[in-house]
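J.: This is what each chain is made of:
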Amino acid sequence: MSEALIGTVLLALLFLLFALGLEIAFSLGVVGLVGLLWLKGWTVGLGVVGSVAWSNASSYSFVAVPLFVFMSAILLHSGIGQSLYAAVAQWVGFLPGGLAVASVAACAIFAAVSGSSVATAATIGMIAIPEMESRGYHKPLIYGSLAAGGTLGILIPPSIPMIIFGVMTETSVGQLYMAGILPGILLGLLFAVYIVGYAMVFPERAPRGDEARAPLRERLRSLIEVAPIVLLIAVVLGSMYLGIVTPTEAAALGVSVSLVLAVTVGRLRWAGLTRAFHETVRTTAFIMLIIIFASIFSHVIALLGAPKALLGLVTGLNLAPWMVFALIFALLIAIAYALEELSVMIIMLPILFPLVTGLGFDPVWFGIVMIVWLEMGFITPPVGINLFVIQGIARGSRMRDIAVGSTPFVIIMILLVVILFLVPDLALWLPRRMMGQPGG
Amino acid sequence: MIGRVAKAASFLGGLATLVIAGATTLDVLRRYFLNQPLLGVDEIAGFLQVLIVFWGCAHAFRGGAHIRVDLLTSHLSGPVRAWLRVVTLVVGLLLLGVVCWVTTQSVLTAHRYQRVSAVMLYPLWPAMLFIPTGLALMAAAMLALLVRQLRVALGPRARREEVSPAEERG
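The listed protein sequences derive, respectively, from chains A and B.
Using this note's numbering, the letters of the first sequence map in sequence onto residues 237 to 676.
Using this note's numbering, the letters of the second sequence map in sequence onto residues 81 to 250.
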């Protein structure tokens with residue numbers, strides 16, 4: 237049987253198992269196992285399964301995943317970061333739609349200590365949503381700004397999906413982190429510009445308050461409240477930027493400093509810590525199990541020579557690289573509306589990465605584009621995780637309001653991808669200036 | 081019973097994360113300030129991560145963390161969904177059975193040939209043992225769910241529905 241036919245049968249089996257409702261990780265495992273036994277026989281095939289499970293689960297580079305998940309969970313349960321919103325609101329509250337701008341700005345700053353969009357949206361949302369609701373802000377604006385602002389958590393470093401992208405594609409996680417900073421800041425600014433414009437067109441949907449009247453002394457005092465966050469940013473990002481530590485070590489430092497802050501300044505107690513334990517293990521187990529079984533699946537894909545064949549096929553079409561990229565991105569956007577994106581990224585990377593880099597695109601740049609795509613997926617129904625986070629926090633909120641409010645932000649994210657395409661240096665300039673990076 | 085063991089295993093995974101963070105922080109501080117790194121921290125961290133991932137699987141499963149695509153199944157009737165879940169649980173258990181068996185063989189081989197880590201020469205088999213034991217615990221949780229799912233699927237037609245993994249307590 238030809239390799240193309242085997243590949244088609246295996247892909248059909250994968251989609252069948254997905255459709256039947258088997259866990260995504262298990263679906264990948266079953267198809268990977270069948271493929272290996274088919275192509276390599278019982279002894280070699282099973283040997284691959286054992287070694288892939290061990291090498292992925294014990295990979296030191298992946299250790300940054302549980303550490304950053306743990307750090308986000310500690311910050312969430314300790315309440316550190318919640319004072320950020322009030323402080324930021326004092327500075328930008330005078331703008332039209334000021335409280336929603338403050339939500340995005342607080343999310344952007346919190347993103348610099350959180351690797352997760354869920355933790356970012358939840359931490360800031362818990363304070364910002366009641367505040368904006370009591371002011372009479374339009375509900376879709378409230379929910380959209382927080383759902384979208386939360387996604388900055390994975391574009392502005394640290395970022396758990398960037399670790400996964402980096403380790404899976406052998407791209408430097410440190411460089412990815414640095415590459416995410418400027419696009420992350422720009423995206424936050426674009427969100428803010430949209431909110432200000434929206435509030436100017438519909439002033440009744442974002443009623444003004446008395447933030448503008450806060451005296452300078454009060455505003456300066458509010459900065460003391462955010463000192464723990466600033467310290468954490470300095471420890472996690474500063475140490476990495478200076479080349480003193482690897483991303484995994486930065487994550488460990490972040491956990492240690494967050495724990496000290498959470499117990500002293502914050503309100504983390506034993507119950508919160510055990511919740512953080514279970515959340516960390518749960519998220520890590522879910523992500524790593526998919527990665528392990530997807531690695532077995534991608535082993536089969538590589539054995540079939542699929543990435544090379546696809547690249548040959550695409551280059552044979554004589555399309556300009558930008559057209560191929562646009563087609564791939566359009567396909568990804570369609571997928572974002574249907575499936576859980578992190579799993580899709582893990583499954584598709586072994587095929588997409590060689591294709592896109594083979595067309596001449598930079599690996600780090602592609603990593604940033606994939607992260608922006610993930611952000612879109614997190615706020616698109618029916619499976620966008622941030623939509624559910626906001627629904628969980630905002631009691632009585634309707635999913636329709638959250639999804640409608642998030643839609644303009646999806647369009648802004650697409651705009652960012654276009655900007656990244658036209659100006660790749662927006663992502664690539666900072667990594668080039670990074671000091672002696674110790675590597676992945 | 082399975083629930084309690086799974087929760088305890090997950091808690092140990094959380095403790096392991098704490099140990100990794102503490103040891104790695106100590107390593108960085110000693111390296112930066114005293115130029116005396118703690119050797120072997122990265123290897124221990126890798127071993128502990130195996131514990132976090134595999135001993136955490138069962139509790140994550142019971143919490144519904146291992147996501148599934150429900151785009152199509154959500155449109156089916158309750159009885160069809162109930163039987164479909166029986167099928168997918170059996171398929172999942174078969175996969176876990178094979179992977180458990182394979183990884184147990186890997187542990188035995190590593191023990192027999194005294195395989196060790198690259199730098200500190202730690203024996204690998206104790207850390208490798210986290211994989212089959214964790215998967216076996218997850219398989220037990222799945223088996224318990226399969227039994228409940230079968231009961232519901234064979235029960236009164238009106239109540240035939242997919243069972244949530246989180247419903248069982250204890």
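The set of hints was computed from the structure by calculation and includes no laboratory data.
Each hint should be verified, as a subset may be incorrect.
Said to hold, decoys possible - Incomplete in silico selection of chain B near chain A, CB under 10 Å: (1) Ser90; (2) Val133; (3) Thr153; (4) Thr168; (5) Ala190; (6) Arg192; (7) Val196; (8) Met200; (9) Leu201; (10) Pro203.
Note that CB positions come from ideal geometry on N, CA and C, so glycine has one too.
J.: Flag every earlier hint the structure violates by its number, smallest first.
T.: 6, 7, 8, 9, 10
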